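**Student:** So you can see what is in the structure, the chains are spelled out below.
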Amino acid sequence: MDIRFTAEEAAFRDELRVWLTDVLPTLGDPPDSDDWPARREWDTGWQRMLYDAGYAGINWPSEFGGRGSTPTEHLIFLEETTRMGAPYVGMNFVGQLHAGPTLILEATPEQQARHLPAMLKGEEVWCQGFSEPNAGSDLASLSTRAIRDGDHYVVTGQKIWTSFGHVADYCELLVRTDTEAPKHRGITWLICPMDLPGIEVRPITTVAGSSEFCEVFFDEVRIPVENRVGHENDGWRVAMVTFSFERGTAFISELLGTMNQLAEMADIARNISCNGSLAWDDDEIRREIGRLQAEYDALWALTKRVVSQAQRTGMPGPGGSVFKLYYADVKKRMADLAHRMLEREALVFGSEAGDEQTGGDMVASRLYVLSLSIAAGTSEIQRNIIGERILGLPKER
Amino acid sequence: MDFELTDDQVALSDGIRDLCQGRFDIDTVRGLADCGGVDRRLWAELADTGVFSLVVPEEDGGVGLGWAEAGLVFEQLGRSLVPGPLVGTLLASGRTDDAVVGLIERPIGPALVEYPDVIDALLVVDKDGVWRVDAAALSFEAAHSVDPLTPVGRVAVLPQGEAVVDHCYGWANRAVFLYSALQVGLATGARELAVAYAQERQQFGKPIGQFQAVKHMCADMYSREEVARAALYYAGCAMDATHGPGLPADPGNYLYFEGNTNDPGDVRGDREHEVMVRAISGARILAAEAADHNGKDCVQIHGGMGFTWEIDAHLYLKRAWALTPCFGSLDEHAERIAAMV
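For the protein sequence lines, the chains are A and B, in the order given. Take 1 as the starting number for the first sequence in this note's numbering and just add one per residue. Take 1 as the starting number for the second sequence in this note's numbering and just add one per residue.
Be careful, since some hints might not be right.
So the derived label-pair ranges between C-beta atoms look like this [claimed, not checked]:
| no. | chain 1 | residue 1 | chain 2 | residue 2 | range |
| --- | --- | --- | --- | --- | --- |
| 1 | B | Pro159 | A | Asp336 | 41 to 51 Å |
| 2 | B | Gly109 | A | Gly314 | 51 to 61 Å |
| 3 | B | Asp8 | A | Gly350 | 52 to 62 Å |
| 4 | A | Val23 | B | Glu200 | 53 to 63 Å |
| 5 | B | Asp8 | A | Ile147 | 33 to 43 Å |
| 6 | B | Arg95 | A | Phe243 | 45 to 55 Å |
| 7 | A | Phe243 | B | Gln300 | 32 to 42 Å |
| 8 | B | Arg271 | A | Asp336 | 27 to 37 Å |
| 9 | B | Phe204 | A | Gly392 | 19 to 29 Å |
In silico DSS-like pairs for lysine-lysine, Cα to Cα no more than 30 Å straight-line [claimed, not checked]:
| no. | chain 1 | residue 1 | chain 2 | residue 2 |
| --- | --- | --- | --- | --- |
| 10 | B | Lys206 | A | Lys183 |
| 11 | B | Lys127 | A | Lys395 |
| 12 | A | Lys332 | B | Lys296 |
| 13 | B | Lys296 | B | Lys206 |
| 14 | B | Lys206 | A | Lys395 |
| 15 | A | Lys395 | A | Lys183 |
| 16 | B | Lys318 | B | Lys296 |
Where chain A lies over chain B, by a calculated footprint (3+ residues, C-beta under 8 Å) [as the list claims (entries may be wrong)]:
| no. | region |
| --- | --- |
| 17 | 206-213 |
| 18 | 280-294 |
Bear in mind the hints are in silico, worked out from the structure with no lab data behind them. All of these numbers come straight from a predicted model, not from anything done at the bench. Even for Gly, the Cβ is constructed at its ideal location relative to N, Cα and C.
Whenever a hint applies, use it, and build me the whole structure from the sequences.
**Tutor:** Set out below in structure tokens:
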């Protein structure tokens with residue numbers, strides 16, 4: 001075990017730091033969270049800057065235009081960009097981290113040539129059409145129907161939780177092509193242009209009042225068969241194989257952003273009064289800050305372990321589910337602590353030291369964290385995964 | 001960066017695991033409760049394997065490994081519930097000639113000393129240094145320990161003892177790190193026992209581990225253990241990266257505890273040292289809580305049987321409890337970290 005970075009890794013970090021120091025001051029202020037055209041320009045503009053500097057597709061193989069970095073370099077990239085306040089991957093998320101890797105592993109050379117360079121340059125924004133109102137944790141039961149009609153699939157149904165659906169150019173879409181087969185064997189993976197006739201996108205307002213989620217309705221949408229990735233009815237495997245791209249780096253920006261936030265909270269606690277005395281003089285507040293830091297430090301160590309395992313074997317260790325499960329709980333505790341310190345100011349939006357995803361607003365953060373134990377596999381599903389796949393306990397079904 | 005065990009570290013961990021399974025099976029361990037917690041023959045086997053001289057440099061007759069390795073070894077000892085004053089004996093190695101050495105932070109007032117019937121000497125740590133008290137100089141009053149594997153005796157007044165070192169720098173950190181390693185092992189052992197039972201115990205015609213209420217409890221046990229393990233390994237690596245293996249004679253920037261130190265260094269100015277101290281205190285909190293919670297959950301998953309002496313669940317929990325109030329409370333560790341946030 002060696003937690004020290006090699007000379008090559010240190011050089012990679014130094015070079016990245018120099019570049020970030022040069023370009024970040026040129027960016028200006030980030031756009032308002034509800035100004036979608038401006039947000040698209042901001043996120044894709046940053047992607048283009050990464051591309052021009054050779055940092056786009058950091059984890060993509062070089063034959064597909066990526067940088068082909070090691071998992072550790074990927075970790076360093078996320079650590080430095082977060083630490084220096086660079087823009088978050090934002091609406092490039094699906095393209096860079098999910099649809100892109102899927103195309104790399106499963107698409108035809110024509111499909112790859114059509115989309116991968118555009119994703120890297122920030123010219124295409126992708127969204128994900130997986131979940132449905134009746135297919136959440138039980139994703140494989142999805143029922144959006146695709147019926148073959150000559151050289152098209154005719155798609156009818158509804159998707160939900162499609163982040164950035166109203167801004168995206170393409171959707172990675174899972175559809176039901178065989179209603180008779182076992183549920184995992186009748187699914188097909190399609191590239192769906194979002195401007196096709198018959199698609200309607202309706203934003204969903206979240207508990208935080210924001211609207212990055214959408215519902216997407218499909219009414220006899222005709223998608224060319226050439227947009228299919230992998231074989232018909234093999235879409236479940238295509239969707240799952242993408243996870244082999246995951247190297248334990250998924251939550252690094254989130255975690256490090258949270259650690260910055262805790263440091264800000266500690267500074268605030270040293271300066272504001274709570275129940276008539278300095279918040280920092282309250283034993284419980286101070287100790288909870290210490291405990292939260294201990295847990296974040298441990299989760300950062302766990303991340304480094306998972307990334308190191310990925311570097312050694314090509315597959316991340318089992319820490320991913322553990323991380324997600326544990327992190328969601330710890331972050332909720334931090335939000336609750338912030339609100340204890342805020343006292344009656346907790347009633348209003350606009351208090352400082354929230355996380356970056358919520359524009360530095362503690363009250364918005366407290367709401368945002370509710371999604372952490374739900375999105376990308378609920379905590380209950382994570383516990384099933386740990387119990388069944390890691391501990392070998394019998395499946396319930 | 002390669003924060004994964006090397007082949008040598010895996011071999012070391014597996015080797016200690018095999019030794020524990022072969023020589024410290026649960027019947028043997030339970031039997032040790034009847035002889036003060038230590039059987040000299042088995043203890044000598046641990047010593048011969050190098051368990052206690054792990055971090056002593058090779059030129060001084062030790063194994064010459066680092067704290068990361070010491071953590072791996074102590075994790076396995078905890079996992080098998082190996083009793084005895086393991087931490088004190090390791091820290092005394094190369095400093096005294098005693099075979100079985102207890103360790104205590106000098107209390108104000110009477111002391112509860114572990115393994116009173118078997119120790120050759122007791123190391124007492126206070127702010128002025130580390131002192132050796134010969135067992136012959138101690139008179140114990142009987143006390144009934146909560147943990148059958150951690151017998152204790154009460155001493156009205158601890159003698160001053162002879163100085164072993166004239167400073168206390170780093171002693172608390174190193175002790176706390178090793179206690180944490182034992183506790184990560186305890187958390188693992190308790191989880192393994194619970195999962196095995198959940199797979200075999202049937203109710204309503206199914207193994208109880210098939211029910212989510214039980215399965216999810218097991219998943220939470222595993223999560224706590226894994227997060228604590230990551231913290232522990234990081235702390236071990238940070239100790240090695242900061243000061244190298246071995247027991248440095250130079251006090252350097254070693255810290256005893258905030259408010260109870262004559263440490264001349266400015267701790268907050270030393271980034272590497274701060275990372276290490278924060279990692280050790282963090283590992284301490286997470287390991288102690290993982291061992292406590294997993295011990296309790298292990299009792300719970302065993303149902304009524306978990307409340308009996310016969311089932312081993314209580315042994316993990318009690319040992320976890322015995323190892324917690326040593327060298328600072330968890331609150332003190334939380335305070336120590338908070339001061340660095």
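**Student:** Of the numbered hints stated previously, which ones are contradicted by the structure, given in increasing order?
**Tutor:** Violated hints (numbers, rising): 5, 11; every other hint is consistent with the structure.
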